[in-house]
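Model the full assembly from the supplied sequences, consistent with the hints where possible.
Chain residues, written in single-letter form:
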Amino acid sequence: MASLQQAPPLLLGVGEEKEGPSLASPSLPGVPGSRRALCVWLPTFELRLELARSPELDATSVALLAPGGGSRHTVWQVSERGAEAGVLPGQLVSQAVSLCPALTLLEPDPAHYDAAQEEMLETLMELSPVVEPAGRGRIFVGTDGLERLHGPPSRYPGLALQALLGTFPRPLVAATRIGQASGKFGAWVAAARAGPGSPVTIPDPEIPSFLASCPVSVLPVEPLMVQRLERLGITTLEKLSSLPEPALVSQFGSQGRRALEWATGRRVDPVRPLHRPRPIRASLDFPSPAGRTETLHGALDRLLDRALSRPARRGRGVRGVRLRADLEGGKSWSMEVVLREPTAQKESIAFPLRARMALSPPPRAVERLVLEMFRFGPATSQPGFFHRKEGGGREAGGVEMAEGAVPPSLREAVKELKLKLGHSPLYRVVEVDPWSRIPERRHALLSFEP
Amino acid sequence: MSAPNPHALRPLNMPRPLRVRTGSGGRPLFLHLDRGVRRVQHILEIWQVDEEWWREPISRRYARLALDDGRIVTVYLDLLGREWYLQEG
Numbered sequence: 001m002a003s004l005q006q007a008p009p010l011l012l013g014v015g016e017e018k019e020g021p022s023l024a025s026p027s028l029p030g031v032p033g034s035r036r037a038l039c040v041w042l043p044t045f046e047l048r049l050e051l052a053r054s055p056e057l058d059a060t061s062v063a064l065l066a067p068g069g070g071s072r073h074t075v076w077q078v079s080e081r082g083a084e085a086g087v088l089p090g091q092l093v094s095q096a097v098s099l100c101p102a103l104t105l106l107e108p109d110p111a112h113y114d115a116a117q118e119e120m121l122e123t124l125m126e127l128s129p130v131v132e133p134a135g136r137g138r139i140f141v142g143t144d145g146l147e148r149l150h151g152p153p154s155r156y157p158g159l160a161l162q163a164l165l166g167t168f169p170r171p172l173v174a175a176t177r178i179g180q181a182s183g184k185f186g187a188w189v190a191a192a193r194a195g196p197g198s199p200v201t202i203p204d205p206e207i208p209s210f211l212a213s214c215p216v217s218v219l220p221v222e223p224l225m226v227q228r229l230e231r232l233g234i235t236t237l238e239k240l241s242s243l244p245e246p247a248l249v250s251q252f253g254s255q256g257r258r259a260l261e262w263a264t265g266r267r268v269d270p271v272r273p274l275h276r277p278r279p280i281r282a283s284l285d286f287p288s289p290a291g292r293t294e295t296l297h298g299a300l301d302r303l304l305d306r307a308l309s310r311p312a313r314r315g316r317g318v319r320g321v322r323l324r325a326d327l328e329g330g331k332s333w334s335m336e337v338v339l340r341e342p343t344a345q346k347e348s349i350a351f352p353l354r355a356r357m358a359l360s361p362p363p364r365a366v367e368r369l370v371l372e373m374f375r376f377g378p379a380t381s382q383p384g385f386f387h388r389k390e391g392g393g394r395e396a397g398g399v400e401m402a403e404g405a406v407p408p409s410l411r412e413a414v415k416e417l418k419l420k421l422g423h424s425p426l427y428r429v430v431e432v433d434p435w436s437r438i439p440e441r442r443h444a445l446l447s448f449e450p
Numbered sequence: 451m452s453a454p455n456p457h458a459l460r461p462l463n464m465p466r467p468l469r470v471r472t473g474s475g476g477r478p479l480f481l482h483l484d485r486g487v488r489r490v491q492h493i494l495e496i497w498q499v500d501e502e503w504w505r506e507p508i509s510r511r512y513a514r515l516a517l518d519d520g521r522i523v524t525v526y527l528d529l530l531g532r533e534w535y536l537q538e539g
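From first to last, the protein sequence lines are chains A and B. Quick note, in the working numbering, the first sequence goes up one by one and the last residue is 450. Quick note, in the working numbering, the second sequence goes up one by one and the last residue is 539.
No lab work stands behind these hints: they were computed from the structure. Wrong hints could be hidden among the right ones.
Unchecked claim - Have a look at the derived ranges for each label pair, beta carbon to beta carbon:
#1 A:L426 x B:P467: 27 to 33 angstroms
#2 A:E341 x B:R514: 25 to 31 angstroms
#3 B:L479 x A:A413: 46 to 52 angstroms
#4 B:P467 x A:H275: 54 to 60 angstroms
#5 A:G330 x B:P467: 29 to 35 angstroms
#6 B:W497 x A:H297: 26 to 32 angstroms
#7 A:L92 x B:L530: 37 to 43 angstroms
As the list claims (entries may be wrong) - Listed next, the stretches of chain A that the computed footprint assigns to chain B, with coverage defined by at least 3 CB atoms under 8 angstroms from CB atoms of chain B:
#8 95-107
#9 199-206
#10 441-449
All residues carry an ideal CB built from backbone N, CA and C; glycine is no exception.
In structure tokens form, the structure reads like this:
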């Protein structure tokens with residue numbers, strides 16, 4: 001059985017955005033959620049997916065490397081056998097291998113995990129239209145009003161497992177934990193207490209007594225607050241519940257009040273239906289795997305040009321961008337950037353992406369690069385204070401045009417040609433790897449689709 | 451004709467197979483070009499490219515040649531496949 005201490009922290013998405021698995025996923029504003037929640041949780045989701053892909057590793061010591069480790073590779077997730085040998089998440093690979101020489105190290109494949117998470121979401125949507133992801137391998141399902149469709153709530157955990165069995169391999173589903181209670185916090189704590197294949201349902205009257213024995217570390221609050229509580233000897237939710245609210249508020253602010261509400265079961269966070277704006281994707285296939293940073297930066301620029309010029313993007317600023325790569329040899333790499341404010345300026349999006357790429361570059365040569373804009377906001381009409389128009393702008397019909405802008409007449413012409421031929425017959429020459437010693441790798445034609 | 455994949459980059463300056471008559475030491479003497487056979491007047495430059503031994507090795511010996519009609523062309527001998535190609539260097 002998984003102890004609550006082993007479980008990753010849960011953030012309920014109140015207040016500011018935080019790192020880690022969070023419930024702060026975009027949900028439809030103003031839509032009432034479901035009070036009754038089912039938490040479906042598959043611990044060490046990523047490692048289990050790898051083991052499902054390579055079952056021969058199941059009985060061996062396996063460790064999954066942390067994504068984006070740069071030059072210092074650390075262990076992210078460890079199989080039971082590896083843990084028995086003393087390998088722990090967060091350890092340096094050198095330490096882990098010295099503890100367990102037979103350890104098999106696996107590189108992370110984030111695209112595979114994201115695809116599995118999407119599949120899990122889609123599968124659970126068969127049970128209820130109200131599903132809300134809370135990090136990979138953890139999904140809340142709203143179960144209000146499902147009685148006429150699926151019968152009494154006691155059946156829902158079984159139905160969820162049954163639905164998952166239709167999509168995922170049996171060992172993966174067998175390791176899934178399910179908790180059911182009112183509100184996401186109660187459901188999550190119940191899931192963390194549940195064993196594989198033994199769902200835990202907490203009826204409303206029992207929630208306070210169920211929560212009382214839980215450690216304060218289950219609270220979705222800042223780790224610093226948990227540390228302070230533990231130092232003060234307040235180790236369980238029962239002890240926390242006995243404290244007066246004004247004292248907690250004076251010590252921890254509004255976070256203290258929320259902690260008390262969760263600890264006593266007074267606060268019920270409904271499951272809100274996930275609002276997923278259709279992402280804008282642009283991809284580029286390299287003729288031969290690209291490993292140079294300059295090549296990847298050039299490709300990123302072109303992907304941004306294409307994605308930003310899509311009609312679906314116009315009128316909206318971009319807030320969240322994901323860059324994904326299919327690597328040579330079959331693995332994948334991805335990174336995500338959430339911008340401080342929505343923007344439609346290419347450089348404002350490219351800069352943080354390049355900076356992140358420099359910190360954790362793709363570990364192998366890239367065969368395909370995919371840019372995905374997945375979060376949007378109102379377009380900022382005000383240019384940056386420090387944004388100065390560069391010289392060399394062009395003019396179209398007497399109107400000065402920005403660098404890279406396409407005259408409307410050309411845009412129309414391409415549209416007509418596409419209608420007629422089914423594809424754009426126009427291309428532009430782009431630099432791929434201008435310093436390559438192999439001449440055919442220096443420049444290429446890219447379909448011109450303004 | 452099927453539409454090309456709009457997401458794929460189409461490399462430019464791809465090498466084209468070429469028939470070459472060689473002399474002693476593998477020196478190119480005559481090139482079979484589209485407009486007939488041309489004699490090599492001078493070898494202006496020779497260089498070798500060895501790349502990607504870890505993936506699919508590439509080993510080419512390039513030569514910039516002056517032809518009898520005044521044209522300058524770049525050719526290479528694929529040292530692995532032992533075949534000649536015409537390509538702008």
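Hint by hint, here is what the structure shows:
1. A hinted range of 27 to 33 angstroms for the beta carbons of L426 of chain A and P467 of chain B is consistent with their spacing of about 29 angstroms.
2. Take E341 of chain A and R514 of chain B: their Cβ atoms lie about 54 angstroms apart, and the range 25 to 31 angstroms is violated.
3. Separation of L479 of chain B from A413 of chain A is about 49 angstroms and conforms to the stated range, judged on CB atoms against 46 to 52 angstroms.
4. Evaluation of the 54 to 60 angstroms hint for P467 of chain B and H275 of chain A yields a pass: the beta carbon distance comes to about 56 angstroms.
5. At roughly 32 angstroms, the beta-carbon separation of G330 of chain A and P467 of chain B lies within the given 29 to 35 angstroms, and the hint holds.
6. A C-beta distance of roughly 28 angstroms is found between W497 of chain B and H297 of chain A, which places it inside the suggested range of 26 to 32 angstroms.
7. Checked against the given bound of 37 to 43 angstroms, the beta carbons of L92 of chain A and L530 of chain B, roughly 41 angstroms apart, stay inside it.
8. Coverage of a stretch by a chain is defined here by at least three residues with a beta carbon nearer than 8 angstroms to that chain's beta carbons; for the stretch 95-107 of chain A and chain B the count is 0, and the condition is violated.
9. Counting residues of the stretch 199-206 of chain A whose C-beta sits closer than 8 angstroms to any C-beta of chain B gives 0, which falls short of three, so the coverage hint is violated.
10. With 8 residues having a Cβ less than 8 angstroms from any Cβ of chain B, the stretch 441-449 of chain A passes the three-residue criterion, so the hint holds.
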